[in-house]
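Residue numbers (the UniProt record's numbering), protein chains in the order written: chain E, 1 to 238; chain S, 1 to 238; chain W, 1 to 238; chain H, 1 to 238; chain X, 1 to 238; chain D, 1 to 238.
No lab work stands behind these hints, which were simulated from the structure alone. Cβ atoms here follow ideal geometry from the backbone N, Cα and C, with glycine treated the same way.
Residues of chain H clear of chain W, computed beta-carbon distances all greater than 12 Å:
| # | residue |
| --- | --- |
| 1 | Ala20 |
| 2 | Ala26 |
| 3 | Gly29 |
| 4 | Glu146 |
| 5 | Arg165 |
| 6 | Asp166 |
| 7 | Asp180 |
| 8 | Ala184 |
| 9 | Ala187 |
With the Cβ distance kept under 10 Å, some of the chain W side facing chain S (calculated, not the full set):
| # | residue |
| --- | --- |
| 10 | Ala26 |
| 11 | Gly29 |
| 12 | His97 |
| 13 | Arg104 |
| 14 | Gly124 |
| 15 | Arg125 |
| 16 | Ala182 |
| 17 | Ser186 |
| 18 | Leu189 |
| 19 | Gly190 |
| 20 | Val191 |
| 21 | Val193 |
| 22 | Ser206 |
| 23 | Leu207 |
Number of protein chains: 6
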Amino acid sequence: MRIRVINPNTTESMTALIAASARAVAGPGTVVEAVTSAMGPASIESHYDEALAVPGILAALHDADGYVLACFGDPGLDAAREVAAGPVVGLAEAAMHAATMVGRGFSVVTTLSRTKGRAHDLAGRYVAAGACRGVHACDIPVLDLESDPAARKEVVALARHALERDESDVIVLGCAGMADFASAMSAELGVPVIDGVAAATVLVQSLITLELRTSTRGEYAPPPAKRYSGLLQPFERT
Amino acid sequence: MRIRVINPNTTESMTALIAASARAVAGPGTVVEAVTSAMGPASIESHYDEALAVPGILAALHDADGYVLACFGDPGLDAAREVAAGPVVGLAEAAMHAATMVGRGFSVVTTLSRTKGRAHDLAGRYVAAGACRGVHACDIPVLDLESDPAARKEVVALARHALERDESDVIVLGCAGMADFASAMSAELGVPVIDGVAAATVLVQSLITLELRTSTRGEYAPPPAKRYSGLLQPFERT
Amino acid sequence: MRIRVINPNTTESMTALIAASARAVAGPGTVVEAVTSAMGPASIESHYDEALAVPGILAALHDADGYVLACFGDPGLDAAREVAAGPVVGLAEAAMHAATMVGRGFSVVTTLSRTKGRAHDLAGRYVAAGACRGVHACDIPVLDLESDPAARKEVVALARHALERDESDVIVLGCAGMADFASAMSAELGVPVIDGVAAATVLVQSLITLELRTSTRGEYAPPPAKRYSGLLQPFERT
Amino acid sequence: MRIRVINPNTTESMTALIAASARAVAGPGTVVEAVTSAMGPASIESHYDEALAVPGILAALHDADGYVLACFGDPGLDAAREVAAGPVVGLAEAAMHAATMVGRGFSVVTTLSRTKGRAHDLAGRYVAAGACRGVHACDIPVLDLESDPAARKEVVALARHALERDESDVIVLGCAGMADFASAMSAELGVPVIDGVAAATVLVQSLITLELRTSTRGEYAPPPAKRYSGLLQPFERT
Amino acid sequence: MRIRVINPNTTESMTALIAASARAVAGPGTVVEAVTSAMGPASIESHYDEALAVPGILAALHDADGYVLACFGDPGLDAAREVAAGPVVGLAEAAMHAATMVGRGFSVVTTLSRTKGRAHDLAGRYVAAGACRGVHACDIPVLDLESDPAARKEVVALARHALERDESDVIVLGCAGMADFASAMSAELGVPVIDGVAAATVLVQSLITLELRTSTRGEYAPPPAKRYSGLLQPFERT
Amino acid sequence: MRIRVINPNTTESMTALIAASARAVAGPGTVVEAVTSAMGPASIESHYDEALAVPGILAALHDADGYVLACFGDPGLDAAREVAAGPVVGLAEAAMHAATMVGRGFSVVTTLSRTKGRAHDLAGRYVAAGACRGVHACDIPVLDLESDPAARKEVVALARHALERDESDVIVLGCAGMADFASAMSAELGVPVIDGVAAATVLVQSLITLELRTSTRGEYAPPPAKRYSGLLQPFERT
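Please build the complete structure, drawing on both the sequences and the hints.
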């Protein structure tokens, strides 16, 4: 089977990181293709960025059996489900579902404080009330996670604080840029630490194995064809 | 004061309808400017359409003291709040808040069945659990509401059914294209019927009068500047 | 149009304060009449006070196009809606609705700690779960807010603490006696600060403009006529 | 011990009915005193009636070890708890708690449709979400329950319908005037049928036995003394 | 009437403690019989213990008019209701219901931290959201509560902390082994302190007095007869 | 890797069915071992059965990298997580998580009406409010599903009804005995139909691949050692 992992920002180095994380867990026989969005923001750190990452995602939903949206804000997930031919899984979605299966309550550690609200909203959408016990931000910009050698250390410290404060037992990494932190952090903290990229990869692989794809009954049926104009005319579907 | 009412689809005749509804309730001294989105879908009837209506909205948020997003799905509301200089109010948001102040429980009557989920999601975001007692669809496409002479009649019948079935006491019109139905429907049904365009206009006017604008503390602070590329390069902010 | 702002306690100086706050935001052509309750407690600081403020409110619901209940506990709101000929808006109701349109989560700052539960209950009734992120009390009695020169300063300090602790971005003033604090507090704190008196005035004005009044279908229909006796015989309706 | 059962309306025949129901279940050594409110409405069938029943209740909270508020709307319960020297239990409160201990989900059958919202509100306050599966009205006025020989039959039919429709397994009688229906209805329907008067009597008796009374820490502490004026001056506390 | 109080662990000294607490509040004419489980764990401090306490409970549900499950985790309550001939009440259930009738929000103080999640789950099942404001653990093993002279003191200190931190006004004791702490703790703390053993005893007595027993309509009907095998063959019902 | 699928009832033919469903989706390199419980009920159709299925499950949690609890009631899931060395996934848990990733709202179709409450409880635990739109029962006993040739047809008809009534877009099969219905039902109904056995198998395989196992921080730490006695003495852990 073929899984397409879409990096919704335009930074190639993040695509490489994401690809490595996804490939590390894909099963034998699963081909992981990681693609970088062709348009929009270099990183996603606001609702504005997130909204403008969606067109690039929608343009990339082809030629695979299933799709991973590799940004923790799960931008455009509903729209993607309407147009993709196979199942689509978001990072927050996958990580949060996995977290509930290995613990009683998780904490999210993320990058900028301003994105905490979005993480809470997503928890409200995906998991039962109370499963997400807190969201914590290190206030390191997304693109500095890789380059800043102190970043991982700060994220570990933040996670340790979150476990105490939230009385949680699992850590969810709230940014695709933290994908390579999970294993070492888990060893250091002694609790499950979940990278959404890996989680989404095995979950979409699971859905494909189960021969499940997005329901076309009702809300997620293919959208009605119509005229598109201006800059976005290329998105017209016929 | 100056209120800009943004029609997020590209259909000029809907902009005219929306403008009339907004102007009918604006106070003396309030200038209502209605604009049509410069890009994207001709009408909004899916998550795909909604996502692709957001760039056009974001491009139109200037030169006013407050903004109305004139589509019942309130597309891009969070992003709009980050970048607009004045308050921004969505149609569903305004209509639902108003509904809770004149009744105990409202029903939404909307166009396509596939949009019911979005209406439920918005109710979950804006009002207390239980305030929205039901969402009902007539399955008339948005752009046929005007042209189809039977449309209003069908919407009235649907609303009547909704009041009985949901034991509700207020009707919320779930599409900007129904803006001119409210008054006659209210007379026929004997209950408050709320048009979101008018409601959003007076609410944003109220916020401006109160000298309230979106908080810049935390989540809605102006987004960090960054590189945008490809088709969406024009959205780069500096 | 004519809006009657009802001070549900019997303290005239608070009525003057409330009247000034309401008049400052009323539109041209709107006449604001502020009245003091003819019976009951001098201030409202307990469930007991609140219950006994309701008869005075019910006696004052006449001769206007819309009504403001100018106490943050919104006493008797349901009963008022049954008998008033025009829309009725409470202070907490108006302030909380407005708060959700200019921020992601608000904190209430109020007078006595013992009233915090009521504020939480009202938030549960008016806004979506999570919108009210905390309620904080300064423990200054209502009638001392005006006379105590240090009061405003303490309320500012409390609000600053609330913003940090609750990770909120908007302040709601939890007492009609704080009506004149809003503007200076907003300047000091750098976030929207909402006075319920002003908010309720523009919201009820908005409802009147929209030609909306309380639904008479079901729960808010005029109450059945019946015999009243004893001290409360004057409240008999025929 | 001494339990005072307060009929918050002014109809003596209802007091007699309530007294009989309470006495039938009181333990040996428990004295039940039933009193009729000295002021206000002859029956409680609206928010207006309910608000105006509260002063009469507050005037009757003396000379006992515990109190039952014998109206299913539990009017003034918070205020009563602030001023009564012993525990106070409402009818809806008692019946709903009892219902959750003998079944998985209950239906309320009540008098007027306009009171259904209040029953839902109380369920939201007392029991976990989902415990109350429906509220159904027979639209027989409160004072006709006794005199109308067909009333009980209609209430039985309504309860039978409720059990089917709500998939519930317990019936809660939603009016003090139905107190004498419980036993026969239970026999006919084959499910527990709960009369709030009896339930509140044994529950308040239980609280007294446990030496529990309303906490005076925080919200339910005795209200601050203050000036009361006008018609309600007699309610001033010193 | 005859109430059977079942200690679901196998420690006789705890049964004696429980029996004393139950007998102290039972009415005249009520016979309290306390029994020790015939199988399973010596104390209940994990989900594992709790699951393995259930068979012993199910074997003890006979020869009484009503049953108390004397462990704060309320193990096997649903199963017990299916097979017992009279009403069955759990400790957490009784204590939490009672707590809501004498205060606005309670804190639970319990033994091991690992059981806090269970207490939260039970609160979610029995009482309205928000009624349980916190769960706190002293981390003293169940069987040390009696023998350790410092235990009560530590529990008092924990409760004092809980009242401050949770802004609660009632304490619920989260372990049957704390049954004899309630009265002295209440005197020291100045708030109601609720022992679930006593609470469950008077509540099941109340249900019996009301002639209420578990509904046999639907979920709690006697379970279908079937073959049981292996170690648990004795549990086969015919 | 090695996955142990535990049939918690004692019926061997159901184990065979379950094994086939699990093996059909397990990845290359995954060994699925299906075991039948050594004690307890022949099928699980009540809370009583479910409680008495738990000991058999707890006895079977060894010699694998991960475990599937192959009963839709997910009996003993918390206890199993405390003692198993690898991750443990329940059928309802897996099916409900999967359902939310391929649709907007699912309906459960199950066997006996009396188990509907349990399905609702589990939905409340695993997924966000509103994700489970209904639970429907065919009232065919578990062990008749296989032998009754009409069973699958009735389940299909029930599912069709559920999709209409609940406005859902995914079907969750609410019994391990329906494991072989999924594929044909999906073809007939045109929506995703989810068999929990298959879903749990791929999900536990995913967790193992991610090197995630149940957190031992807090609630799911190994239970304290203690004395067990009577029939259940063999469950003593040291």
